[in-house]
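Just so you know, the protein sequences line up as chains G and V, in that order. Per my numbering, residue 1 is the first one in the first sequence, and the count goes up by one each step. Per my numbering, residue 1 is the first one in the second sequence, and the count goes up by one each step.
No wet-lab data here; the hints were simulated from the structure. Keep in mind it's a predicted model, so treat the numbers as computed, not measured. Backbone N, C-alpha and C fix where the C-beta goes; we use that ideal spot for every residue, glycine too. Among the clues, some could well be false.
What the hints assert, rightly or not - With a Cα cut of at most 27 Å, we get these calculated DSS-like pairs of lysine-lysine:
id: 1; chain 1: G; residue 1: Lys3; chain 2: G; residue 2: Lys102
id: 2; chain 1: G; residue 1: Lys163; chain 2: V; residue 2: Lys308
id: 3; chain 1: G; residue 1: Lys80; chain 2: V; residue 2: Lys407
id: 4; chain 1: G; residue 1: Lys80; chain 2: V; residue 2: Lys304
id: 5; chain 1: G; residue 1: Lys26; chain 2: G; residue 2: Lys3
id: 6; chain 1: G; residue 1: Lys102; chain 2: V; residue 2: Lys402
id: 7; chain 1: G; residue 1: Lys26; chain 2: V; residue 2: Lys177
id: 8; chain 1: V; residue 1: Lys184; chain 2: V; residue 2: Lys139
id: 9; chain 1: V; residue 1: Lys267; chain 2: G; residue 2: Lys80
id: 10; chain 1: G; residue 1: Lys163; chain 2: G; residue 2: Lys121
id: 11; chain 1: G; residue 1: Lys3; chain 2: G; residue 2: Lys19
id: 12; chain 1: G; residue 1: Lys189; chain 2: G; residue 2: Lys19
id: 13; chain 1: V; residue 1: Lys16; chain 2: G; residue 2: Lys102
id: 14; chain 1: G; residue 1: Lys102; chain 2: V; residue 2: Lys304
id: 15; chain 1: G; residue 1: Lys80; chain 2: G; residue 2: Lys19
id: 16; chain 1: V; residue 1: Lys359; chain 2: G; residue 2: Lys102
id: 17; chain 1: G; residue 1: Lys165; chain 2: V; residue 2: Lys177
id: 18; chain 1: V; residue 1: Lys114; chain 2: G; residue 2: Lys19
id: 19; chain 1: V; residue 1: Lys407; chain 2: G; residue 2: Lys19
id: 20; chain 1: V; residue 1: Lys139; chain 2: V; residue 2: Lys75
id: 21; chain 1: G; residue 1: Lys3; chain 2: G; residue 2: Lys120
id: 22; chain 1: V; residue 1: Lys16; chain 2: V; residue 2: Lys198
id: 23; chain 1: V; residue 1: Lys13; chain 2: G; residue 2: Lys121
id: 24; chain 1: G; residue 1: Lys165; chain 2: V; residue 2: Lys407
id: 25; chain 1: V; residue 1: Lys195; chain 2: G; residue 2: Lys163
id: 26; chain 1: G; residue 1: Lys102; chain 2: V; residue 2: Lys198
id: 27; chain 1: V; residue 1: Lys114; chain 2: V; residue 2: Lys184
id: 28; chain 1: V; residue 1: Lys177; chain 2: V; residue 2: Lys195
id: 29; chain 1: G; residue 1: Lys121; chain 2: G; residue 2: Lys165
id: 30; chain 1: G; residue 1: Lys120; chain 2: V; residue 2: Lys139
id: 31; chain 1: G; residue 1: Lys121; chain 2: G; residue 2: Lys3
id: 32; chain 1: G; residue 1: Lys102; chain 2: G; residue 2: Lys19
id: 33; chain 1: V; residue 1: Lys407; chain 2: G; residue 2: Lys102
id: 34; chain 1: V; residue 1: Lys177; chain 2: V; residue 2: Lys167
id: 35; chain 1: V; residue 1: Lys308; chain 2: G; residue 2: Lys80
id: 36; chain 1: V; residue 1: Lys198; chain 2: V; residue 2: Lys139
As the list claims (entries may be wrong) - Pairwise CB distance ranges, derived in the manner of DEER restraints:
id: 37; chain 1: G; residue 1: Thr74; chain 2: V; residue 2: Ile301; range: 54 to 60 Å
id: 38; chain 1: G; residue 1: Ser21; chain 2: V; residue 2: Trp281; range: 35 to 41 Å
id: 39; chain 1: V; residue 1: Met286; chain 2: G; residue 2: Gly131; range: 54 to 60 Å
id: 40; chain 1: G; residue 1: Gly131; chain 2: V; residue 2: Thr307; range: 30 to 36 Å
Here are the chains, one letter per residue:
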Amino acid sequence: MSKSIIRVEALHKSYVNGKNSLHVLKGLDMNIQEGELVSIMGSSGSGKSTLLNVLGILDNYDAGSYHLDGIHITRMNETKAARYRNQYIGFVFQSFNLISFKNAVENVALPLYYQGVSRKKRNDLALEYLGRMGLRDWAHHLPSELSGGQKQRLAIARALISKPKMILADEPTGALDSQTSREVMDLLKEVNQTGIAMIIVTHENEIAAQTRRIIRLRDGIIESDEENAAFQHESSAAFLS
Amino acid sequence: MLDYLEEILSTLKQNKLRAIMTGFSVAWGIFMLIILLGSGKGLQNGMEFNLRNIAQNAIQIWPGRTSLEHEGLTKGRRVQFTNEDVELLQREVSGIEDLTGRLYLWSEVPITYKSEYSNYTVTCITPAFYRIRRQNLIKGRFINENDQRESRKVLVLSQSIVDNLFKDEDPIGQYVKLGGIHFKVIGVSASPTDKDAKDALIPLSTGQRVFNGSHNVSNLAMTTAYQTVEANKQVENSVREFLAKRHRFLSEDQEALYVWNTMDSVKQSQGAFNGLRIFIWVVGIMTIVAGIVGVSNIMIILVKERTKELGIRKALGASPWSVVQLVLSESLFITALAGFVGMLLGMGVLHGATLILSKVYEGNPMIRNVFYNPSADFGVALSAAIVLVVAGLLAGFIPARKAASIKPIEALHDE
Ligand SMILES: Nc1ncnc2c1ncn2[C@@H]1O[C@H](COP(=O)(O)OP(=O)(O)OP(=O)(O)O)[C@@H](O)[C@H]1O
Ligand SMILES: [Mg+2]
């Protein structure tokens, strides 16, 4: 009996801009279990990023409820939100969002800095995670010296280092060519197999096809939410352990 | 802690040139403050140096001519002090501690030793004189009560006179001829402010008996029992009224007596120096404020440029407070470091000035009375340090608030 990591009920969210108000999320219900591999699809402007921001406690919602690992997430002060993000959630973005003047190790270790982990320990851990992502040799390079795929692997290492319960990835392969996309996807699936829930926003059917469950958004409501019949259980666990 | 410092440094390194440029304005402000305060101190030290040869609560009175008619007496009368004035003042007016009459012998008296001779001013005093005008005793002793009581023919000479007359000989116990009469040298003295001063002092009673034949004194010098301006003024007024009654002139008559009340003038110039110091602080603080505004501006721009980075930090778990701390520490770091450099430079310049001035004094000792030992003491450095810390925090305040209000979603927005 698995436990739910995300439970969303009748979620509403509007962007208010002066007098204009844009209703983006119009009553979403969804339930994602620990360790699931889910993709969210939908046309541009359907509210995918908005939903991901709410799930990542980067933004507030207006009505309904959101439980993260059983904790009711309501309007909270930023300090608390920052702590929950740090403890529960890893982020992977389309544009990587690495800090340009910090080298690979420092970028990966940053979440641990905010946990108060000692310098030596977090650098050791960062090196270990870089190793897992095949970036050990690039540990002391700046992000600008890395390729797109390497940058995204670096971002994944950074998302993993605080041992989150889930990873939210907003179009993680959006800026990559198909070959690198495939590598990054393989990596994300491997991470998922260690028991970390993975939620991937994507436009690409190829990517969605590799996830166990696909949620389709349309105009702020869930159009469909179903198991992916074509899902293949690829065996790549050997690479990870 | 080291960690924290490195976090600050890594971002500052990104903007090295800009950090240095803004740091410069703060350094300049502190530099100016230190230099100004040091110079003010130098002026004050000069004045205080000037007063090292007199008790702070001294009152000196010179007689003049009346300028107002009084009790049927015409104006223009000369006032003449005598021993009686000294005795009566001592007895009748309260608040006087030490009192001496001073008698100057004719302006220049030849003093002869063996074949050497020169003309000097000879002053006749009582032992109380040494408690009013300060002298350093170099050799022998000062004039004492016995000398005064017995009208001994003894003499205390300034070092510079001794240098002239005796060359390398020991003057103590030697006899010199003063206006044709033999006097025994009992001491060698020096003025604390002017090593070239040429004073020849003999007992008042001796001077009156041998050279003058009367009981006249040229002027009066006294110290009071008090340390406040008010109390000293009070004594001055009592003395003035007493003398007015005795010599029959109006106590309002400004020309009958010339009074120099040391405490009064010291306090007045101290007031002026306090005013100067406040002015210096105001100017210095304003310069520093300009520096603060500069640092603050740069920090705001930096924060703006770093919106994305700060947003990433927040998404990864940085609390608003930690971001505030980051920005505040950076601005504190810039101001503190720059300020410290400015402070060191300022102190260095003052130190150099002191060294150069000490050379100048050798050629022209009078400069010491105007400007002496300019320095910023520990208190000034401490105040400057406090100003710096406050300045750094102030400079970081607005940018830090801007940084704290950055929303991660907006910062991370893909463009
Ligand atoms: N901060 C904002 N303020 C106002 N409106 C916003 C804001 N962010 C998004 N929107 C609007 O909300 C709607 C949904 O945006 P969202 O970014 O969630 O779409 P999306 O599904 O991620 O689209 P895409 O596939 O292009 O990334 C859009 O119409 C967008 O213009
Ligand atoms: Mg989007």
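Open item on the list: Checking each numbered hint in turn, tell me which of them this model violates, lowest number first.
Closed with: 1, 7, 9, 11, 12, 15, 16, 17, 18, 20, 21, 22, 25, 26, 30, 31, 32, 37 and 38
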